[in-house]
Amino acid sequence: MKLLSLIVVCLTGGLLLYGTADLPDWGDPNTPASLHLSKYYIENAIRDTEVPNLVTAVLADYRSIDTMLETAVVFCAGLACFMLLRDFTPKKDHYYRHVPSGVILHVKNPDRQIIAGNEFEDMDKEWLPPDTIIKTVCRMLIPFIQIYALYVVAHGDFSPGGGFQGGVILGSSFILLAISYNLKYLLKRVSEKFLGILSAAGVLVYMGIGLAAMVLGGNFLDYEKYAPIFGEHHIRALGMLGVEIGVGMSVTAVMVIIYINIVSEGKHDEGL
Amino acid sequence: MIHYPAIVVIAPLVGALTAGILSFVEERYAYPAALIATGISCAAAVRDLIYVAGHGPIAYHMGGWAPPMGIEYRIDTLNAMVLVLITAIAFLNLAASRPNIKQEMPDRRPSFYAMYLLFVVGLTGVASTGDLFNLYVLIEITSLSSYTMIALGDRDRGPISALNYVFVGVIGASFYLLGVGYIYIKTGTLNMAEFATMIPTLQDSTTILTAFILCLVGVFIKMALFPLHVWLPNAYSYAPVGFARIVAPLMTKVMVYVMVRLMITVFGLDYIFIKLHIADTLVWLGTIAILAGGVMALAQTNLKKMLAYIIVCEIGYMVGGAWLGNNLGLTGAVLHILNDGLMTFALFLAVGNMVYKLDRVQIKDLKGLFAKMPWTMTGFVLAAFSIVGVPPTCGFFSKWYLILGAFKAGAWHFAAALIMSSLICAVLFFKVFEVCFFESPDTHVGHGSDTHGRHTTVAIQEAPAISLAVLGIAGISLIVVGMYSKTIVVRLIWPLLRS
Numbered sequence: 515m516k517l518l519s520l521i522v523v524c525l526t527g528g529l530l531l532y533g534t535a536d537l538p539d540w541g542d543p544n545t546p547a548s549l550h551l552s553k554y555y556i557e558n559a560i561r562d563t564e565v566p567n568l569v570t571a572v573l574a575d576y577r578s579i580d581t582m583l584e585t586a587v588v589f590c591a592g593l594a595c596f597m598l599l600r601d602f603t604p605k606k607d608h609y610y611r612h613v614p615s616g617v618i619l620h621v622k623n624p625d626r627q628i629i630a631g632n633e634f635e636d637m638d639k640e641w642l643p644p645d646t647i648i649k650t651v652c653r654m655l656i657p658f659i660q661i662y663a664l665y666v667v668a669h670g671d672f673s674p675g676g677g678f679q680g681g682v683i684l685g686s687s688f689i690l691l692a693i694s695y696n697l698k699y700l701l702k703r704v705s706e707k708f709l710g711i712l713s714a715a716g717v718l719v720y721m722g723i724g725l726a727a728m729v730l731g732g733n734f735l736d737y738e739k740y741a742p743i744f745g746e747h748h749i750r751a752l753g754m755l756g757v758e759i760g761v762g763m764s765v766t767a768v769m770v771i772i773y774i775n776i777v778s779e780g781k782h783d784e785g786l
Numbered sequence: 022m023i024h025y026p027a028i029v030v031i032a033p034l035v036g037a038l039t040a041g042i043l044s045f046v047e048e049r050y051a052y053p054a055a056l057i058a059t060g061i062s063c064a065a066a067v068r069d070l071i072y073v074a075g076h077g078p079i080a081y082h083m084g085g086w087a088p089p090m091g092i093e094y095r096i097d098t099l100n101a102m103v104l105v106l107i108t109a110i111a112f113l114n115l116a117a118s119r120p121n122i123k124q125e126m127p128d129r130r131p132s133f134y135a136m137y138l139l140f141v142v143g144l145t146g147v148a149s150t151g152d153l154f155n156l157y158v159l160i161e162i163t164s165l166s167s168y169t170m171i172a173l174g175d176r177d178r179g180p181i182s183a184l185n186y187v188f189v190g191v192i193g194a195s196f197y198l199l200g201v202g203y204i205y206i207k208t209g210t211l212n213m214a215e216f217a218t219m220i221p222t223l224q225d226s227t228t229i230l231t232a233f234i235l236c237l238v239g240v241f242i243k244m245a246l247f248p249l250h251v252w253l254p255n256a257y258s259y260a261p262v263g264f265a266r267i268v269a270p271l272m273t274k275v276m277v278y279v280m281v282r283l284m285i286t287v288f289g290l291d292y293i294f295i296k297l298h299i300a301d302t303l304v305w306l307g308t309i310a311i312l313a314g315g316v317m318a319l320a321q322t323n324l325k326k327m328l329a330y331i332i333v334c335e336i337g338y339m340v341g342g343a344w345l346g347n348n349l350g351l352t353g354a355v356l357h358i359l360n361d362g363l364m365t366f367a368l369f370l371a372v373g374n375m376v377y378k379l380d381r382v383q384i385k386d387l388k389g390l391f392a393k394m395p396w397t398m399t400g401f402v403l404a405a406f407s408i409v410g411v412p413p414t415c416g417f418f419s420k421w422y423l424i425l426g427a428f429k430a431g432a433w434h435f436a437a438a439l440i441m442s443s444l445i446c447a448v449l450f451f452k453v454f455e456v457c458f459f460e461s462p463d464t465h466v467g468h469g470s471d472t473h474g475r476h477t478t479v480a481i482q483e484a485p486a487i488s489l490a491v492l493g494i495a496g497i498s499l500i501v502v503g504m505y506s507k508t509i510v511v512r513l514i515w516p517l518l519r520s
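Going line by line, the protein sequences match chains P and F. When we follow my numbering, the leftmost residue of the first sequence carries the number 515, and every step to the right adds one. When we follow my numbering, the leftmost residue of the second sequence carries the number 22, and every step to the right adds one.
Wrong hints could be hidden among the right ones.
Below, simulated DSS-like cross-link-like pairs (lysine-lysine); rule was C-alpha separation at most 27 Å, straight line [stated by the list, open to error]:
| # | chain 1 | residue 1 | chain 2 | residue 2 |
| --- | --- | --- | --- | --- |
| 1 | F | LYS123 | P | LYS707 |
| 2 | P | LYS698 | P | LYS606 |
| 3 | F | LYS123 | P | LYS605 |
| 4 | F | LYS123 | F | LYS452 |
| 5 | P | LYS622 | P | LYS516 |
| 6 | F | LYS123 | P | LYS606 |
| 7 | F | LYS378 | P | LYS781 |
Just a sample of chain P residues kept apart from chain F, beta carbon distances all over 12 Å, derived [claimed, not checked]:
| # | residue |
| --- | --- |
| 8 | LEU551 |
| 9 | TYR555 |
| 10 | ASN558 |
| 11 | PRO566 |
| 12 | HIS608 |
| 13 | PRO614 |
| 14 | VAL621 |
| 15 | ASP636 |
| 16 | ASP638 |
| 17 | THR650 |
| 18 | ARG653 |
| 19 | LYS739 |
| 20 | ARG750 |
| 21 | LEU752 |
| 22 | VAL777 |
The hints are simulated quantities; they were obtained by calculation from the structure and are not laboratory data. For every residue, glycine included, the Cβ atom is placed at its ideal position computed from N, Cα and C.
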């Protein structure tokens, strides 16, 4: 079997080498790849779309349906993590912390529960007291990370960045919150329901922009058709900003959904 | 402006997202949302088909950008037909499988509908796009959703078969993507129609040949052509019923459509049959797939596994037929995409009904099933006849074109394999019928299936009415499509091959 795999690998490698025989030279400016489409994009993108960042123009305008479907892939990944990992079985053991004294109670009988209030706090087995230094540093960092993330989303059409990158940064700020405090704390701030809705709503924003263009008489995702409402000026840039925000929403939510489900094995307990 | 090509794909996506939101807000509306979305998609696909049959292909420019710059969705008679098949099966299956889904996954039903619709988005997109890279993105959606669904199936073996599928599927998709990369570096375009205009000047390029082989191997892995089929039987037999009923008839067939599209539209018949000399090899591969699939199906004791191997066998029909190198073979292959989709759908509907009542479908557990589930078994028999190729069911007609094509091309081995596989399928199904009809269930029954005790045997225990109604529709459509296959060939398939 190993020998067979080796033969297959060698054959594939040979095929790839055979394919390179006819490839254009490395760095040659006169290749079809740089003369045909990319030439058009470089020469006309700014005139067509009024967006200085050509990469965004290609991704979010010329090939916007690709990007929409990629966002749907991201949503699909989040949904997959939720469906496969989320554990709905109720916990058997319950742990409570008596807040004034710090004593921990372990209740094994699932019928007898202490109502968590001011005196007692509901907690999980894996709970560890968060470190004050880490907590303080992260508490100061997180707002800046989030502002930066919003900047990256909003500036996608002017400078490197965009919804995917900004969304990842924003999502990572939430993950940092979960790491420095704990998972329960994060879920108190942003509930699972909110994340689930946000992940779908992001793609819906993207699609909504496309569908509204359809209603206004254009093709799907044809931002030009918004001109009567928002004016001719930078109309395509505006459309791109809209879809980038949608992408950012989805990516943020999906990052957090994947994290919380993988790290707690779907139980959403305290701990990391 | 005709928006139907976009609506076919967008409606299920809107449905998926709405169902995703509703699964957190108001669970009970997720199902109606999914049903409406597939319904709209189906109506749009039918509208597409009617328009295309009358007026010729539609090119829909996404974002308003003309093809080489933007992405084009191009609908001609071939993919209009495939789209109607996909959306109709998606809609009917959603109606039929609701009881099964309720039974199998009570706690994550609403998200199941969201994932199901994402799968439909992928399939309809693959069938309608005219852009090579967009095709890859859509294959990604299709694969990702099917990995998830399969992992949600059988509690013990679902995850492991899904994992195997992930490994193999990712390799397949990567091969395809690598091929697209080679195409782009040589031509600078991703649009199928524009690439087709460049291919005459690039006939001698080794890069294009490599690209073609890579794309083809990727598609072969995804469609489970014989030596690359190992992921399929476990994945399809351990998937939840509600999903197995759509993935089994459609996934492999849509990949066959992609192969036909690559042959006809992208690389062109001149290039693949006159310039390259691989057609004979591929007909042999098809022949081997038919025989191997048939023989492996004979060895199975589980009904679902047996059907999964029959799918492997049917893939051989379509690959071999498409590569025969004449119009008759290609017609047979394209017609068989439609027919095999319907036949497999009907078979899996019937098996799903059995699973609903029996839980296990080892062939030996099916004793006395004709008495217990007469309607389900009627549908099963009809679909089985179609697989075997008994007229007037549709399976006969596509097989007829394939055999004629094989004779015309002088591919006697392929013709022999087709006839052999009909015999093997006949043996397979009559083995099942024998158990279901003649063996009485009062002999000892193993492993605590539902059939314990004599009193349950006589009473009719049918699946829910909606599942039976859909099975009825599928069964009737097998005969109707069979009777109108001449019209389908003349109106939809030949215009495509002539151009």
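So, going through the hints one by one against the coordinates:
For the given pair, F/LYS123 sits about 22 Å from P/LYS707 by alpha-carbon distance, which is consistent with the 27 Å threshold. At most 27 Å may separate the alpha-carbon atoms for a hinted pair to count; P/LYS698 and P/LYS606 meet this at roughly 18 Å. With a CA separation close to 24 Å, the supplied pair F/LYS123 and P/LYS605 stays within the 27 Å bound. Restraint check for F/LYS123 and F/LYS452: not satisfied, since their Cα atoms lie roughly 32 Å apart, outside the 27 Å limit.
Straight-line distance between C-alpha atoms of P/LYS622 and P/LYS516 comes to about 52 Å, which puts the hinted pair past the 27 Å bound. With a CA separation close to 26 Å, the supplied pair F/LYS123 and P/LYS606 stays within the 27 Å bound. Taking the CA atoms of F/LYS378 and P/LYS781, the gap is about 33 Å. The hint is violated against a cut of 27 Å. Taking the minimum C-beta to C-beta distance to chain F, about 5 Å, the non-interface status of P/LEU551 is violated against the 12 Å cut.
The Cβ of P/TYR555 sits about 8 Å from the closest Cβ of chain F, inside the 12 Å cut-off, so the non-interface label is violated. For P/ASN558, the requirement that its beta carbon stay farther than 12 Å from each beta carbon of chain F is not met, with the minimum near 8 Å. Non-interface status of P/PRO566 relative to chain F is upheld: no Cβ of that chain comes within 12 Å, the nearest being about 18 Å off. Chain F leaves P/HIS608 outside its interface by the beta-carbon criterion, the shortest separation being 21 Å against a cut-off of 12 Å.
Listed as outside the interface, P/PRO614 is consistent with that label: its C-beta sits roughly 37 Å from the nearest C-beta of chain F, beyond the 12 Å cut-off. Distance check for P/VAL621 against chain F: the nearest CB is about 25 Å away, which clears 12 Å, and the non-interface claim stands. Every beta carbon of chain F lies more than 12 Å from that of P/ASP636, the smallest distance being close to 22 Å; the non-interface claim holds. Distance check on P/ASP638: its Cβ is at least 21 Å (rounded) from any Cβ of chain F, clearing the 12 Å threshold; non-interface status holds.
The Cβ of P/THR650 sits about 34 Å from the closest Cβ of chain F, beyond the 12 Å cut-off, so the non-interface label holds. With a least beta-carbon separation of about 29 Å from chain F, P/ARG653 lies farther than 12 Å from that chain, consistent with its non-interface assignment. For P/LYS739, the requirement that its beta carbon stay farther than 12 Å from each beta carbon of chain F is not met, with the minimum near 8 Å. A beta-carbon of chain F is positioned within 12 Å of the beta-carbon of P/ARG750; the least distance is around 10 Å.
Separation of P/LEU752 from chain F is adequate, the least Cβ-Cβ distance of about 14 Å exceeding the 12 Å criterion. Its beta-carbon lying about 19 Å from the closest one in chain F, P/VAL777 satisfies the requirement of being farther than 12 Å from that chain.
The earlier numbered hints that this structure contradicts are 4, 5, 7, 8, 9, 10, 19, 20.
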